[in-house]
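J.: Assemble the complex: chain P is given as a structure, and chain U must be docked to it using the hints.
These protein sequence lines are chains P and U, in that order.
The numbering used here applies: residue 66 is where the first sequence begins, and numbers increase by one.
The numbering used here applies: residue 66 is where the second sequence begins, and numbers increase by one.
Bear in mind the hints are in silico, worked out from the structure with no lab data behind them.
Here the structure is a predicted model, which is why all the values come from computation and not from measurement.
Because identical chains cannot be distinguished in the list, a pair is counted as satisfied if it fits within a single copy or across any two copies.
The list that follows gives simulated cross-link-like pairs (lysine-lysine, PhoX-like), each with its CA atoms no further than 25 angstroms apart:
# : residue 1 : residue 2
1 : Lys206    : Lys169
2 : Lys126    : Lys169
3 : Lys174    : Lys158
4 : Lys206    : Lys91
5 : Lys156    : Lys91
Residues per chain are reported as follows:
Protein chains: 2
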Amino acid sequence: MKALACLAVAATMFTMAAPAAAQFAKPEDAIKYRQSALTVMAAHFGRVGAMANGRVPFDAKVAAENADIVADMAKLPWAGFMAGSDKGNTKAKPEIWTEQAKFKEHSDKLVAESTKLAAAAKTGNLDNLKTAFAATAGTCKACHDAYRKE
Amino acid sequence: MKALACLAVAATMFTMAAPAAAQFAKPEDAIKYRQSALTVMAAHFGRVGAMANGRVPFDAKVAAENADIVADMAKLPWAGFMAGSDKGNTKAKPEIWTEQAKFKEHSDKLVAESTKLAAAAKTGNLDNLKTAFAATAGTCKACHDAYRKE
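Chain P with its partners taken away, still in its complex shape (with noise of 0.2 angstroms):
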């Protein structure tokens, strides 16, 4: 029974991991996509943070457009951290791949930030959007410092 209970587990992890080991054919189809999703989010996170900073002035429904972009594209670029992506064009350290609960943590922590930034944007109040946005560009940072290369 053991034996028969260790397979059916096994059947049912590889029918998890399918679709997530499916999504990229080539390693180097896995970096891009997580660069592309970086930098979508990135574009959109500048201009709620040019507002956040006063280079360009308050706009509430233009900040919560953006940030509701961010909040949905800070999900994306880790299912690009896919086993073996850790040569090629990249910057990611290969901790990432040895230290994968703390890269989540991190990831998670962009993911929660980023929700409560769309949250913040949609009050129309610049100062909770300020406290917000620092609290998000802190995960960014976080993240950066440990497992991005220079």
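T.: Below, chain U without anything else, positioned relative to chain P:
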């Protein structure tokens, strides 16, 4: 009064144009942004297509998730076709900037068809997905044929 009215119109146009113009500091940033948005969209569209074409088993939940991302991403690349971004690391044909209305028709069609694709995916019916996938893919091809260099 006519001169004043003209000035007022010009001032309004400047205000309206400002956010778009401020989105990218340099044409190369706009090019990188639009290519990134298209790369992310293509990755998720490919996953829907793999199911529509029977290369991977149909999973209604996965199809719906990916189609939603496609519909969101479909709105983004077009802001990246800013004036002056016809040169550089791009396959975009110069006609994009001389046929702006026609180009917008193409991008509007993609937005409309990908919205239908997301709705079709939510029905959980593979035939609906196939039909909507083919229609969406048709908008990609039509625009690439007209406006992308080989």
